[in-house]
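> Sequence:
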Amino acid sequence: MLNLASFFIGGSLALASPSLLATVSTPELSTIPQGAQRVAVLTLQLTASCDGPAKVTGLTLEHRGIGSVQDISRAYVFAGAKRVSRAATFPERDPLFLRLQSLNIPACKTQELQLLQGFHAFRDHLEVHAV
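Using our numbering, the letters of the sequence shown correspond one by one to residues 1 to 131.
Don't take each hint at face value.
[As the list claims (entries may be wrong)] Pairs of lysine to any residue, SDA-like flavour, derived with a Cα cap of 20 Å:
id : residue 1 : residue 2
1  : 109       : 73
2  : 55        : 82
3  : 82        : 65
[Claimed, not checked] Computed spacing ranges between beta-carbons, pair by pair:
id : residue 1 : residue 2 : range
4  : 28        : 81        : 36 to 42 Å
5  : 92        : 43        : 22 to 28 Å
6  : 19        : 92        : 33 to 39 Å
Just so you know, these hints were derived from the structure itself, not from any lab. All C-beta atoms in this analysis are idealised placements derived from N, C-alpha and C, irrespective of residue type, glycine included.
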């Protein structure tokens with residue numbers, strides 16, 4: 001089992017407009033089976049300013065925790081039921097940039113994004129991961 005604890009944003013939003021409010025929420029402590037896929041590890045509520053729409057081009061994420069990035073098979077972003085990024089793997093030491101596909105938030109509106117991850121099945125011990 002992999003132990004998922006204390007998820008938080010460890011990076012920054014890549015924005016094409018300056019007026020955006022981001023609220024981050026994370027799941028409570030949970031344990032998932034090895035090989036689990038589509039595990040929600042982070043939720044972002046992005047609200048555009050009423051001054052105009054916001055275009056979000058990507059997310060920069062850092063892996064945190066004592067677990068190895070090699071435990072994570074892929075990471076990707078969903079907006080509602082639509083996947084808005086390609087799957088990518090965390091580099092060993094550098095942050096991961098996930099480019100988002102056509103994410104425009106109208107003025108005064110909120111868009112929820114979820115970071116999902118897949119985990120490899122080959123680990124036989126507990127690990128703690130955070131984003």
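> Check each numbered hint from earlier against the structure, then list the numbers of those it violates in ascending order.
Checked against the structure, the hints that fail are numbers 1, 3, 4, while the rest are satisfied.
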